[in-house]
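Undergrad: This is what each chain is made of:
There are 2 protein chains.
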Amino acid sequence: MGSDNGDGNNPAQCRVREVLDLVADKWSLYTVSYLGDGPRRFTELKRGIDGISQRMLTVTLRGLERDGILIRTVYQVMPPHVAYELTPMGKSLLPATAPLIEWTSQHLARIDQAREEYDKRSLAQPLAVAR
Amino acid sequence: MGSDNGDGNNPAQCRVREVLDLVADKWSLYTVSYLGDGPRRFTELKRGIDGISQRMLTVTLRGLERDGILIRTVYQVMPPHVAYELTPMGKSLLPATAPLIEWTSQHLARIDQAREEYDKRSLAQPLAVAR
Numbered sequence: 001m002g003s004d005n006g007d008g009n010n011p012a013q014c015r016v017r018e019v020l021d022l023v024a025d026k027w028s029l030y031t032v033s034y035l036g037d038g039p040r041r042f043t044e045l046k047r048g049i050d051g052i053s054q055r056m057l058t059v060t061l062r063g064l065e066r067d068g069i070l071i072r073t074v075y076q077v078m079p080p081h082v083a084y085e086l087t088p089m090g091k092s093l094l095p096a097t098a099p100l101i102e103w104t105s106q107h108l109a110r111i112d113q114a115r116e117e118y119d120k121r122s123l124a125q126p127l128a129v130a131r
Numbered sequence: 001m002g003s004d005n006g007d008g009n010n011p012a013q014c015r016v017r018e019v020l021d022l023v024a025d026k027w028s029l030y031t032v033s034y035l036g037d038g039p040r041r042f043t044e045l046k047r048g049i050d051g052i053s054q055r056m057l058t059v060t061l062r063g064l065e066r067d068g069i070l071i072r073t074v075y076q077v078m079p080p081h082v083a084y085e086l087t088p089m090g091k092s093l094l095p096a097t098a099p100l101i102e103w104t105s106q107h108l109a110r111i112d113q114a115r116e117e118y119d120k121r122s123l124a125q126p127l128a129v130a131r
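If you read the sequences in order, they're chains W and H. Just so it is clear: in the first sequence, position 115 is 115 by our numbering, and no numbers are missing. Just so it is clear: in the second sequence, position 67 is 67 by our numbering, and no numbers are missing.
Simulated from the structure, these hints should not be mistaken for lab results. Just so it is clear, CB atoms sit at the ideal spot from N, CA and C, and this is done for glycine as well. Be careful, since some hints might not be right.
To be verified - Coverage of chain W stretches by chain H, computed from C-beta distances (three or more under 8 Å per stretch; other residues unrestricted):
hint, segment
1, 24-34
2, 86-96
3, 101-108
As the list claims (entries may be wrong) - Each computed BS3-like pair below joins lysine-lysine, with the alpha-carbon atoms no more than 27 Å apart:
hint, chain 1, residue 1, chain 2, residue 2
4, H, K120, H, K46
5, W, K91, H, K120
6, W, K91, W, K46
7, H, K120, W, K120
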C-alpha cells in the first residue's frame, strides 16, 4: 500500500465521506426517492415512508434541506402545512441513488441465503480472533 | 396518496430497507469501493479507509461478510493474518455504488454553499413550528 493511496489526511476524501454520511443512509435515500414523484407534505412522507419515526423524518428532512437537496415551503393557510420538494440538485441525485436501491432489491434473496449460511457457520465454530 | 403507494406493510419494501440499512452507509460504501482494487488485509483497510475506527471496521466487515458481499480468509502463517476480498456478488455491487460516490464528489462545493446559506437563514429567524 502506497502512503498516498487514501492513507493520509486527504481533505477532499474526508469531505466526500462527510457528505456521504448524510446522503448515504437508508432514510435519506428513501426520502429522496419518494420525493422523486413530486412535492409531498410532511404527513404524506410520514405515511409513505414505511417505518420512519416522526423524529427521524424531521431530522432527515432538515439535513436534506440544509444540503440544498430539498426545499421546504410553509403554506400559511388554515391549518398551516409544509410541503417538501426536490431542488434541481436533489433531482440530479435521483439517478445516482437508483442503482443502489435497484441492486438491493435484486439481491435480497441471495443476501438472505448468505446470512443464513453465515449464522449456521458462526454457531458451528467459535469466532476466530486473528485479524 | 393512495393507500397502496408504500403506505402499508409491504414486506418486500421492508426487506429492501433492512438491507439498504447495511449496504447504504458510508463505511460499507467505502469498504466495498476500497476492496474493488483487490484483496486487502485488515491493517491495510484500517490504514486505507481514512477515519474509520478499528471497531467500526470490524463491525462493517462482519456485516458485509454475513451478507455474502465479501469473503474473509485466515492465513495460518506467522504471524497469522486475515485477508478480505469481494465475492462475485460484492463485485456486482461496485457499479451500483459508484454513481452515488461520484455524485457526492461532484456536488461538494454546492452542498457547502447550501449549508452556509441554511445556517445563515437559521440564525436570522427562529425555527418555524408548523410541519
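Undergrad: Test coverage of the segment 101-108 of chain W by chain H using CB-CB distances below 8 Å; three residues minimum.
TA: As far as the segment 101-108 of chain W goes, the hint holds, because 7 residues have Cβ atoms under 8 Å from chain H.
Undergrad: Would you check chain H against the segment 24-34 of chain W, counting CB to CB pairs closer than 8 Å, and say if three or more residues qualify?
TA: holds (count 6)
Undergrad: Between K120(H) and K120(W), does the CA-CA distance stay at or below 27 Å?
TA: 54 Å, violated
Undergrad: Within a Cα-Cα threshold of 27 Å, do K120(H) and K46(H) meet the stated pairing?
TA: 37 Å, violated
Undergrad: Has the segment 86-96 of chain W got at least three residues whose CB is nearer than 8 Å to a CB belonging to chain H?
TA: As far as the segment 86-96 of chain W goes, the hint holds, because 5 residues have Cβ atoms under 8 Å from chain H.
Undergrad: Within a Cα-Cα threshold of 27 Å, do K91(W) and K46(W) meet the stated pairing?
TA: At roughly 20 Å apart (the allowed maximum being 27 Å), K46(W) and K91(W) satisfy the hint.
Undergrad: Starting from K91(W), check that the Cα of K120(H) is at most 27 Å away, please.
TA: Answer holds: K91(W) to K120(H) is near 24 Å, not above 27 Å.
Violation of the numbered hints given earlier is confined to hints 4, 7; the remaining hints are satisfied by the structure.
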